[in-house]
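Residue numbers (my numbering), protein chains in the order written: chain A, 1 to 454; chain B, 455 to 880.
No lab work stands behind these hints: they were computed from the structure.
One side of the interface only, derived from the structure: several residues of chain B facing chain A at Cβ under 8 Å:
#1 478
#2 480
#3 547
#4 558
#5 565
#6 581
#7 582
#8 588
#9 702
#10 734
#11 735
#12 750
#13 773
#14 802
#15 805
No more than 25 Å apart at the CA atoms, straight line, and that leaves these computed lysine to any residue pairs for SDA-like:
#16 B:734 with A:89
#17 A:154 with B:874
#18 A:154 with B:775
#19 B:780 with A:140
#20 B:734 with A:74
#21 B:734 with A:139
#22 B:780 with A:136
#23 A:154 with B:780
#24 A:438 with A:332
#25 A:154 with B:870
#26 A:154 with B:592
#27 B:575 with A:291
#28 B:780 with A:144
#29 A:438 with A:451
The C-beta atom is built at its ideal place from N, Cα and C for all residues, glycine as well.
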Amino acid sequence: MSTRHAPTPPEPGPVRAFDFPVIHDDRIGDAGLRVLTASHGDLPLVTAHLVLDAGAGAEPEGLDGVARLTANAMEAGTRKRNADQLAWALESLGVELDTGTGWDAGHLAITVPTDRLEDALALFAEIVRRPAFPADQIERLREEQLAGILQRRKEPRALGDDMAARYIFAEGMPYGRPVVGREATVRGLGADHVAAFYEARYRPGSGALVFTGDITAERAAGLARSHFGDWNSGAAQPARVPVQPRVDTTTIFVVDRPGSVQSEIRIGDVGVERAHPDFFPLIVFNTILGGAFTSRLNMNLRERHGFTYGVNSGFAFRRQPGPFSISAAVATDVTARAVEEALSEMRGLHDGGATAQELDAARDYLRGVLPLTLQTTDQLAGRVAEIVVFDLPIDYFVQYRDHIADVTADDVARVARDRLRLSRLAIVVVGDAEQITKPLQDLGIGPVQVVDGP
Amino acid sequence: MIEIPFRRHRLDNGLRIILSPERGAPVVAVNIWYGVGSRDERPGRTGFAHLFEHMMFQGSEHVPESMHFALIEQAGGSLNGSTWLDRTNYFETVPSHHLERALWLEADRMGWLLPAMTQEKLDNQRDVVKNERRWRVDNQPYGDWDERLQTMVYPEDHPYHHSVIGSMADLDAATLEDVEQFFRTYYAPNNAVLTVCGDFEDERALALIDKHFGGIPPGPDVPAIPGRTDIPTVLERHTAATVSQDISLPRLYLAYRTPSYGSEDFYTAMVASYILGWGKASVLYRQLVREQRVAQDVVAFQFPIVVGAAMLVVWATAMPAQDPQKLEDAMRSAMRGMRDITEHDVQRAIHLIEARQLADLQRVDERADMLSMFTMLFDQPERINAELDRIRAVSLGDMRAFVERHLDDEVAASLLYVPAAAEEAA
Numbered sequence: 001m002s003t004r005h006a007p008t009p010p011e012p013g014p015v016r017a018f019d020f021p022v023i024h025d026d027r028i029g030d031a032g033l034r035v036l037t038a039s040h041g042d043l044p045l046v047t048a049h050l051v052l053d054a055g056a057g058a059e060p061e062g063l064d065g066v067a068r069l070t071a072n073a074m075e076a077g078t079r080k081r082n083a084d085q086l087a088w089a090l091e092s093l094g095v096e097l098d099t100g101t102g103w104d105a106g107h108l109a110i111t112v113p114t115d116r117l118e119d120a121l122a123l124f125a126e127i128v129r130r131p132a133f134p135a136d137q138i139e140r141l142r143e144e145q146l147a148g149i150l151q152r153r154k155e156p157r158a159l160g161d162d163m164a165a166r167y168i169f170a171e172g173m174p175y176g177r178p179v180v181g182r183e184a185t186v187r188g189l190g191a192d193h194v195a196a197f198y199e200a201r202y203r204p205g206s207g208a209l210v211f212t213g214d215i216t217a218e219r220a221a222g223l224a225r226s227h228f229g230d231w232n233s234g235a236a237q238p239a240r241v242p243v244q245p246r247v248d249t250t251t252i253f254v255v256d257r258p259g260s261v262q263s264e265i266r267i268g269d270v271g272v273e274r275a276h277p278d279f280f281p282l283i284v285f286n287t288i289l290g291g292a293f294t295s296r297l298n299m300n301l302r303e304r305h306g307f308t309y310g311v312n313s314g315f316a317f318r319r320q321p322g323p324f325s326i327s328a329a330v331a332t333d334v335t336a337r338a339v340e341e342a343l344s345e346m347r348g349l350h351d352g353g354a355t356a357q358e359l360d361a362a363r364d365y366l367r368g369v370l371p372l373t374l375q376t377t378d379q380l381a382g383r384v385a386e387i388v389v390f391d392l393p394i395d396y397f398v399q400y401r402d403h404i405a406d407v408t409a410d411d412v413a414r415v416a417r418d419r420l421r422l423s424r425l426a427i428v429v430v431g432d433a434e435q436i437t438k439p440l441q442d443l444g445i446g447p448v449q450v451v452d453g454p
Numbered sequence: 455m456i457e458i459p460f461r462r463h464r465l466d467n468g469l470r471i472i473l474s475p476e477r478g479a480p481v482v483a484v485n486i487w488y489g490v491g492s493r494d495e496r497p498g499r500t501g502f503a504h505l506f507e508h509m510m511f512q513g514s515e516h517v518p519e520s521m522h523f524a525l526i527e528q529a530g531g532s533l534n535g536s537t538w539l540d541r542t543n544y545f546e547t548v549p550s551h552h553l554e555r556a557l558w559l560e561a562d563r564m565g566w567l568l569p570a571m572t573q574e575k576l577d578n579q580r581d582v583v584k585n586e587r588r589w590r591v592d593n594q595p596y597g598d599w600d601e602r603l604q605t606m607v608y609p610e611d612h613p614y615h616h617s618v619i620g621s622m623a624d625l626d627a628a629t630l631e632d633v634e635q636f637f638r639t640y641y642a643p644n645n646a647v648l649t650v651c652g653d654f655e656d657e658r659a660l661a662l663i664d665k666h667f668g669g670i671p672p673g674p675d676v677p678a679i680p681g682r683t684d685i686p687t688v689l690e691r692h693t694a695a696t697v698s699q700d701i702s703l704p705r706l707y708l709a710y711r712t713p714s715y716g717s718e719d720f721y722t723a724m725v726a727s728y729i730l731g732w733g734k735a736s737v738l739y740r741q742l743v744r745e746q747r748v749a750q751d752v753v754a755f756q757f758p759i760v761v762g763a764a765m766l767v768v769w770a771t772a773m774p775a776q777d778p779q780k781l782e783d784a785m786r787s788a789m790r791g792m793r794d795i796t797e798h799d800v801q802r803a804i805h806l807i808e809a810r811q812l813a814d815l816q817r818v819d820e821r822a823d824m825l826s827m828f829t830m831l832f833d834q835p836e837r838i839n840a841e842l843d844r845i846r847a848v849s850l851g852d853m854r855a856f857v858e859r860h861l862d863d864e865v866a867a868s869l870l871y872v873p874a875a876a877e878e879a880a
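With these hints in hand, go ahead and build the complete structure from the sequences.
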């Protein structure tokens, strides 16, 4: 028996190609509800995912939080069943309704064993098309949403995210507040607002029904026709979200949380829209900066200095430019040093671009992990829905890995110079102001303001 | 019915191997369970099993510092490890042509870790882990709930009395010598299960495993779990604690001792947790959230742990301006209401569990982790295909007997969090 081990990593075996599942693209009914189907996997499971142009970006002025409240209200009962009966009917089939609200879209989805699909889809259609919005239940859901807003004030990560959005975007900009809404607006919401939002936004012509898993395109289209074929309420008007940055010079905003043993740091700026021509260079760039374990930020702040359990960076890609931010929770006594190190990594990438080795690693990582993020029917449905929300070509994911491979060192250097605007960052630090304010001032990178929480 | 295929093998050094092909996508999951967790820690070294897990990512004899992560990420893979009460696991999912790289990395740290260990790495990861504790526990609303419940549900000399993350003082006390001793005691092929799941050929995978792991010598017999491991599966007396924290809303946790994972009654406890708190037709949601509106959310789950007794936990977060006493009364009344559940409640719960397990099995990393788990805990990988039958076999009669015996509303570990300011005012 040998006790030596091969001293270098083995060579890879032959590559087996990854094929993104084929997506069938149909339209049904007078309103032209788009039906996208991708057969997938070896288990008897199907996801039905309805994506609608019903995101928070479409909320009427002064009613923020109504998109989320409407999504939650879909489970408050239908014209045939009250909330309790509806929950029993769904869950007796083993189904939990998944609802989500983003800025650009909202979704309702179910994942169900194939032999219960027919019954589950009938219920799903009843929920989508015949909601009752009983005033009493809407009031309860509103109070729960308010309770959630209250909790975000004491939860440091949520507080960091919310305050970063507030200081990245100019006052009055929708992206400056959380999708759940603000206390002042949510408090005024009721069943009438919910019904009106539903009426305006839950429309087949501007949405799509995505089927993934153990289902053929023929069966999907047949099911869609029988349950949604006569859903004829047209399309929603496209929403317009204005975007303006808050700061024109780098500013540190300290949100006091007395006694905090860590500081939640957010270094933010306005990013770019999803349709930006530099989308692929930007995700490669971000992987190198803070989008992987071996990124520059994580290797510095975690693996070299032990300041944090982890740091990451990312763009929130939306139809309009969402935030670009770096996030980390660091020990209170190293707060200023952590900010300084993060800025120095940003400066390094801005000034010098990435090495050839980093570029290769980032491209290989992004190309390789795509199939890992598509293992389940609901993961796949979520990605197919992106095609609808961002109006991408139907073969978008087939081309995805080639687009990544095409990103060059010059591309990364260029987008790093464009996007790392060190002179106009909004830096938010949620922590113990008494301990962290002075060291942050001493960094000399910009004015430090101690601000109130929400 | 679902039949996850697998074959089992064993190397001469005692390494147990499970191979489970799933050729759909060109990805493969490699998963290793070591039979060591926080339950095995000695007094004064709480949190060490987890700190050690971090050291396993710091390189080994042939893997330079930071290259473990780099070699997987460059291959287009994802990786991590986790430490739990009963075990420590390490896993990576990679494009299938990189299977051998993943095996080589896992073998190098199983067989050749110690030459790469340095004081500097230990000090760095100690800081990282202390920040993990701050992030998960100390700086997080209600963040110490599990740590507190474990001390209430398990006696001081039981291995589940302390938390996985451990105390800051014990993390500070850990030395390089501890790293070496822990490695020599627990990290050996005879205390590990290796599962490969996904896109590979059986014979080739087995040959690669033998090539990389076959030369690692077996370790000594693994020591017995320290402390008193045999305890009653029912709490002997009621305990209550109130914690004042910087939070917006009060939250009440109730915990119960239940039969340990693997016993038949465990599955009854699992179904009970779904009846109680899973979904909008669950007992707690119906009563506390929808009807009485005293709670904003409810949660119930069962810890799948094996030593002596498991733990069932329920919690509810109060609505604003809600009197915590009213929340507690409502919750205990709902627990009493468990005596009146019907066949509908049981079937709803079973159907939800079925759908959830099916959804979990879609992922090769989940399949691999389950196969490692069933092999490590019970030496029965076939349980991956039999678990659902055990759950379906739970009857209303079983449930009533379980509720009667284990969910006595007079005897629980009751942990109440209240907002700091509100308590001062009271």
